[in-house]
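Asks: Heads up: the sequence shown begins at 1 in our numbering, then just goes up one per residue.
One or more hints might be untrue.
Unchecked claim - Pairwise CB distance ranges, derived in the manner of DEER restraints:
| hint | residue 1 | residue 2 | range |
| --- | --- | --- | --- |
| 1 | Cys36 | Gly94 | 24 to 34 Å |
| 2 | Arg237 | Gly19 | 14 to 24 Å |
| 3 | Arg126 | Ser176 | 16 to 26 Å |
| 4 | Phe136 | Pro83 | 17 to 27 Å |
| 5 | Glu33 | Gln93 | 18 to 28 Å |
To be verified - Below are the SDA-like pairs computed for lysine to any residue, each with C-alpha atoms no more than 25 Å apart in a straight line:
| hint | residue 1 | residue 2 |
| --- | --- | --- |
| 6 | Lys181 | Gly258 |
| 7 | Lys49 | Asp20 |
| 8 | Lys127 | Asp47 |
| 9 | Lys127 | Asp180 |
| 10 | Lys127 | Asp46 |
| 11 | Lys49 | Phe14 |
| 12 | Lys127 | Glu115 |
| 13 | Lys127 | Gly174 |
| 14 | Lys181 | Met153 |
| 15 | Lys127 | Phe42 |
| 16 | Lys49 | Gly81 |
| 17 | Lys127 | Arg48 |
| 18 | Lys181 | Pro139 |
| 19 | Lys127 | His43 |
| 20 | Lys49 | Thr102 |
| 21 | Lys127 | Ala142 |
| 22 | Lys181 | Tyr80 |
Keep in mind that the hints were calculated from the coordinates and are not lab data.
Fair warning: this is a prediction, and the values are worked out from it, not measured in the lab.
Even glycine gets a Cβ: it sits at the ideal position worked out from N, Cα and C.
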Amino acid sequence: MQINDHDIDLWLAFYGAIGDERVLADMRALLSETECQRQGRFHFADDRKRYLVTRALVRSVLSYYAPVDPRAWAFAENAYGRPFIHDPHPHAQGLRFNVSHTRGLVALAVGRQRELGVDVENIVARKISPDIAASFFAPCEAADVAQTPAARMHDRLFEYWTFKESYIKARGMGLSLPLDKFTFHFPHARAVRIDIDPVLDDHADRWRFWQYRPGADYLLALCAERTARTAPVVTTRTIVPTAGYETFASRVEKTSEG
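Based on the provided sequences and hints, a complete structural model is requested.
Replies: Right, dumping it as structure tokens:
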């Protein structure tokens with residue numbers, strides 16, 4: 001599979017629907033010894049399955065882009081815990097990925113020569129208190145949440161939350177970036193814009209954002225470094241690692257303009 005330096009692939013694994021034990025065994029065979037040990041340390045079956053599918057997804061999908069056996073990929077982490085490909089194959093030079101998981105779904109973004117961040121949340125299974133916005137969001141974001149009708153407030157919180165998570169993941173610095181030092185605005189229902197405090201040593205024009213609804217229970221945000229004037233094509237696919245994939249039509253809820 002080819003991906004040029006401009007476009008982005010987004011892979012979705014709905015792991016709750018994967019019940020074939022043979023497929024799960026095939027996934028397990030891809031994991032390193034360390035990963036197998038980590039999987040075994042999870043107490044709950046759902047957590048063990050989510051970890052298994054996440055690691056198998058990363059390994060199997062990366063092998064679509066470079067002639068590397070899925071079991072041969074090696075990973076390291078930066079100072080903030082963000083994983084990256086260690087000692088990449090020549091065909092994997094410049095290959096970037098970012099992964100997120102929530103109850104029932106794992107999302108993986110892949111591109112070349114650009115930083116990426118993805119966050120997916122199960123907005124039915126997970127609850128966020130409005131107090132989070134008041135305590136940690138930028139003032140205008142918190143004000144917008146407070147003014148949102150009660151029936152929409154939960155969704156509004158997650159719209160901000162997923163965008164913020166996608167940005168800090170693209171930066172690769174985790175929660176060392178204060179959430180109130182960058183602000184998202186929604187100029188209209190389908191648009192998003194970011195403002196960044198100079199203290200973060202970054203600028204808004206560097207990034208492009210998308211928000212999707214991969215299903216009724218999920219909200220996903222993608223952040224990607226701009227590498228050209230035109231917007232990249234984002235191709236979304238659903239996948240069962242080791243078993244196959246297909247193109248998936250996921251409507252864009254919001255995106256950067258220009």
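Asks: Next step is simple, just say for each hint if it's right about the structure.
Replies: Against the structure, the hints come out as follows:
1. Cys36 / Gly94: 24 to 34 Å: With Cβ atoms ~30 Å apart, the hint holds.
2. Arg237 / Gly19: 14 to 24 Å: At roughly 20 Å between Cβ atoms, Gly19 and Arg237 fall inside 14 to 24 Å, so the hint holds.
3. Arg126 / Ser176: 16 to 26 Å: Once the Cβ atoms are compared, 23 Å apart, the range 16 to 26 Å for Ser176 and Arg126 holds.
4. Phe136 / Pro83: 17 to 27 Å: 25 Å Cβ-Cβ, so the 17 to 27 Å window holds.
5. Glu33 / Gln93: 18 to 28 Å: holds, 27 Å
6. Lys181 / Gly258: Satisfied, since the Cα-Cα distance of roughly 23 Å is no more than 25 Å.
7. Lys49 / Asp20: holds, 12 Å
8. Lys127 / Asp47: Distance ~18 Å between Lys127 and Asp47 Cα, so the pair holds.
9. Lys127 / Asp180: holds, 20 Å
10. Lys127 / Asp46: holds, 18 Å
11. Lys49 / Phe14: Status holds; Cα separation ~11 Å.
12. Lys127 / Glu115: This hinted pair is violated, its Cα atoms lying about 29 Å apart.
13. Lys127 / Gly174: Given pair Lys127, Gly174 holds - Cα atoms ~21 Å apart, limit 25 Å.
14. Lys181 / Met153: holds, 22 Å
15. Lys127 / Phe42: holds, 22 Å
16. Lys49 / Gly81: holds, 22 Å
17. Lys127 / Arg48: holds, 22 Å
18. Lys181 / Pro139: Judged against 25 Å, a Cα distance of about 10 Å means the pair holds.
19. Lys127 / His43: Satisfied, since the Cα-Cα distance of roughly 22 Å is no more than 25 Å.
20. Lys49 / Thr102: Holds: Lys49 and Thr102 sit about 12 Å apart, inside 25 Å.
21. Lys127 / Ala142: holds, 17 Å
22. Lys181 / Tyr80: holds, 18 Å
The structure is inconsistent with hint 12 alone, although it conforms to all the rest.
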